[in-house]
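Build the complex from these two chains, which are given one at a time in their own frames, with help from the hints.
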Amino acid sequence: MASIILPSAPSESRPGRFGIYGGRYVPETLMAALLELEHEYEIAKSDAAFQAELAGLLKDYAGRPTPLYFAKRLSEELGGAKIYLKREDLLHTGAHKINNALGQGLLAQRMGKRRIIAETGAGQHGVATATVCALLGLECVIYMGDVDMARQELNVLRMRLLGAEVRGVSSGSKTLKDAISEAMRDWVTNVRTTYYILGSALGAHPYPTMVRDFQRCISREMKEQILEKEGRLPTAVIACVGGGSNAIGAFYEFIPDRKVRLIGVEAGGRGTALGEHAARFAGGVPGVLQGTFSYVLQDENGQIAGTHSVSAGLDYASIGPEHAALHDSGRAEYTSQDDASALNAVVKLARTEGILPAIESAHAVAEALKVAPTMTPRELLVVNLSGRGDKDMGILARELHLQGA
Amino acid sequence: MPIHFEHKPGLVVYVTAGDPSLEATRDIALAAIDAGADVIELGVPFSDPLADGPVIQRASERALARGTKLSDVLTIARDIRAAKPAAGLIIFTYLNPILRYGLARFADDAKAAGSDGVLVTDMIVEEAGEYLKEMDRVGLAPVFLAAPTSPDERLAAIASRSKGFIYAISRTGITGKQTSMTSDAAALVERIRASFAPGAERLPVAVGFGISNADHVAQVAEFADAAVIGSAIVDLIERSTAETAAAEVARFIKGLRLQEAATAR
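If you read the sequences in order, they're chains A and B. Residue 137 in this note's numbering sits at position 137 of the first sequence; the count goes up by one each step and never skips. Counting from 1 along the second sequence, just add 1000 to a position and that's the residue number in this note's numbering.
So here's chain B without its partners, still in its complex pose (with noise of 0.2 angstroms):
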């Protein structure tokens, strides 16, 4: 099934594959699906993530420090599919794991694990020509950044090439947390919205970056069709063992919807 936003907005949930475990991983990722996440990311751990802030470097390095490798993060990818035929499933990387891979060996075998796309944060659209090639090639969605400093034609660049939906990324910076939205993300949606070529599909426009509550899923169901929460659930995990991190992330996601019905009544 291609991705699609079940909820309004939508919820995409990050989580670095391998922290606590990769046991813990799928646990945390299929009590985010029940609790409510209509996409997952699944971070593949680098030893260099430069467009990360502490939370998710932190969780990288106990990811690394556990031997957790691209293959085993298709593994759970599996596994998670095996369980959610229905929900969004989506890798989110940085490059050079995927080159030392295989490009090619990559495509084929996160096609084959039953994730729907792939998002490789040090990826821009200029250098993308062999890649989109590939993902095209097995029927991978590649989901693209958006930045509040990208003018419109690189936005039209973006939303040209992209699949699935594309990701607006809330304001300057690396991720992690912030105490609000910018004014930046709402007009950054509305840029990226007007940048669709007449009659190309209107892909959904997730944000994501520093959100972390229930007041920020509220601000972007406004603008958005989705919010992307990364490093909050991340430090929650960090805070959580091994065996309490599904139930503790199940409930977060849970309050982040409870808010948005008080808010819409």
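Isolated chain A, as found in the complex (with noise of 0.2 angstroms):
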């Protein structure tokens, strides 16, 4: 492999750059939207009004705090370690996606912007989104894959019933990353009147830090919940990772107590060749992709490599790139989980506790379901229940044969 030679000199006071990783990798046309977004909110972001109006949708409109519930027969069962579940999955909508949604919702309000566009890869992004431009009646046009939408169904009349546009994208693997390509050349055209709201910790600074920052509520009750239940921090934070928006927000406030271990649970797919996966911090390379630098999923030519995962939220070829960062300094460790286990990860979920998760977020419950045992009961997990699994009981009723048995 050639080396890579970093486009600029790397500053960890750069705005924007997680030590080498992040920055700003966009067309020219770009500039500007991204120059106004990072200011508008930095005001807003010290802005008491703004952050008070936040604050009352999450708790009275998205239902947070969200639990943090004690797994019982879950952690009896395993024999080991005590598994608390962090309970995003039971947020309106169905997923933490609402957190940013909210956020960056008021944010284009408050710009003035009236037109919002979306990516979304299994749909809960483009719910949130979709409900939050219902709430706030503001014009919403998501952008998902022709392969996401037909195996996330559910979300897709779930937009639509909310009265948003869900534009299919036929073009490259027609997954999320042909949605966020699609997404920015609706941007870049109509930049002047369109907000866009990212859902992911990806792309063009100021977007990997805006939605961790939408996002760190999640560690900043977890923290509280779990020192008000057990009196300590936890042995480790388990979150599974796409782009890495749920995870950065399960890990941020963590991140200073360096004795709580962070653990990111990539999609492992069916394979560990090229394109069978989506596990970026096992197969991928630093590179750009759509906006910044971090590791990505490529071919020795420097081409986006396709990748696999039944779930469509962690079926993307790069990772936010504060993710990176924490991966090269080694505070978080980043681990993957194939397809089946993650099938069976819900099963086992929605059977000892009766409840169903997401196939991304089981991801993380399968990670649990492997280390728990190998801990002690004194050790306590947090795994971040990122969504519901409703949306996937079509790809569950197929993969798990449970129709006419």
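Hints were generated in silico from the structure; no laboratory data involved.
DEER-style ranges, computed between Cβ atoms:
| # | chain 1 | residue 1 | chain 2 | residue 2 | range |
| --- | --- | --- | --- | --- | --- |
| 1 | B | Ala1194 | A | Gly330 | 49 to 55 angstroms |
| 2 | A | Glu36 | B | Thr1182 | 18 to 24 angstroms |
| 3 | B | Ala1082 | A | Leu35 | 40 to 46 angstroms |
| 4 | A | Leu136 | B | Lys1177 | 32 to 38 angstroms |
| 5 | A | Arg232 | B | Arg1137 | 53 to 59 angstroms |
| 6 | B | Lys1254 | A | Pro15 | 49 to 55 angstroms |
| 7 | B | Asp1136 | A | Ser170 | 37 to 43 angstroms |
So the derived list for chain B, only partly shown, Cβ under 10 angstroms to chain A, looks like this:
| # | residue |
| --- | --- |
| 8 | Pro1049 |
| 9 | Leu1095 |
| 10 | Ile1098 |
| 11 | Arg1100 |
| 12 | Val1120 |
| 13 | Asp1122 |
| 14 | Thr1149 |
| 15 | Pro1151 |
Derived list of chain B stretches under chain A, where covered just means 3 residues or more per stretch with a C-beta under 8 angstroms from a C-beta of chain A:
| # | stretch |
| --- | --- |
| 16 | 1040 to 1048 |
| 17 | 1062 to 1076 |
| 18 | 1167 to 1179 |
C-beta atoms are modelled at their ideal positions from N, C-alpha and C, and glycine is treated no differently.
Take a look at the structure:
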């Protein structure tokens, strides 16, 4: 492999850089909009009225704080660590995505942008965005790969019911990556009137930072709740990582607590060959995709590789730049769980706790199933249950042969 | 020879390398130069061309399906340079393929192949430190994009870091057709020209995105130094065969010139 030379000197102090990762690699046409967004976000961040409005909506509309639930039967059955589930699946619209969609929706409103676009993989960010647009009276266009529209049809119908226009994307792999490219093409065309609500901790600065800020409420609550219930910090926090928004939200407040292990779980898909998985830290090398410098699954010519995961939300060739930095520094560990393990974890959690997780979140559950038995009952595992599995019933029915049994 | 525009307005012709084949791309570029193109932009196909419309996306897919690599693009750059010593030659690419190739190795090889400059679609001036160092080390011209949305202070930064020419994007949007030139383009060119520092070289300004016929070229001639023709050429290549594409492209480019002669009368 040819050596990678950084396009610019890394600097911790530059905004939008996480170690050497992040930055802004976009067509010039978008730069004015990104700079405006960065500026407006900085003002909003320190504006008490903005923060109060967001906090009010998160509480009364979305349902924060979400519970930290002790999974007693699961813990006992595994015979190791005590497992707690952070119940982001109980939020309005069924996943953590609403945290960010509300934040950015309010920001768009504040900036006077009446037209909203977004990409979606599993459809949870699309549904959250369509919901916020309905709530705020904004026009909404969602880009979604054709493959994802077929496998997450319920969410497509939900978005349409909410008044959003869902535009199928038939280029490339017809999944999340291509939906992001298409959303960026729309944005570059309509940049003067349109706000792009990016749903993951990806893309050009300020998105990775802004999305993380809107998701860090997850770890803030986790920390308070585990201290209240157990009087000590957890041994480890586990979260699935697609682009990485739920994981960075679940990790962020624990980063200074060096003893807390942070474990990100990528999609192992159905094999270790390039194209069969979405484990960026297992098969990727640093590069630039869709505006940011991070680990990217790519071939030896720098062409972006295809990916596979049973979960649309983890099926992406790159990963948020802050995760790349946490990976390289060793502060967070990244592992993967394959399709079969994730499906097994869905069944396990459903039948021991009566909780049906999204297949994305089930990758984190699968990791807990693996590590909990190796730990002592004194140790505490917190699993971020980022979303619920209703959207996945079609896939689950097929994969688990639920029909006509 | 540094990039220069023989004609008024100059013509910059973009082709996606490897579509329909590397040999055809070479022949198309040579025919385009014979027909009056001042500068050839050799496009490196990329899997995720987010600044491009459907025409160039499809061309990239076809080129990649044939296995076109960055090293192949440099090989035909060398062939074009050998046949046409005076023509301008730019490598037009997204960032990731050159990062994977190695930025220093790319700079060396692009220079050795005889190209005059490089345009990286997703490289903005703020991130360009290492890239500019490499371009400067080997003597390649970094060509940057300027957009109608770029405020004056960004245009000044772009103007001060560019060499060869400045590529002014005619409108917000992706590459591909439009029906008429917007007033954005003329205003942008005027702002770019006002942004050169006193005493600095006043680089030519080429206008691109959506320029597809002789009328457009004639309009651009009124306010800019050159017109960039991209998707219209790639579309023509798509509709031609590998055997006829070079002749079709030459005929098309001569047609752009005829209109120019008529309007200049």
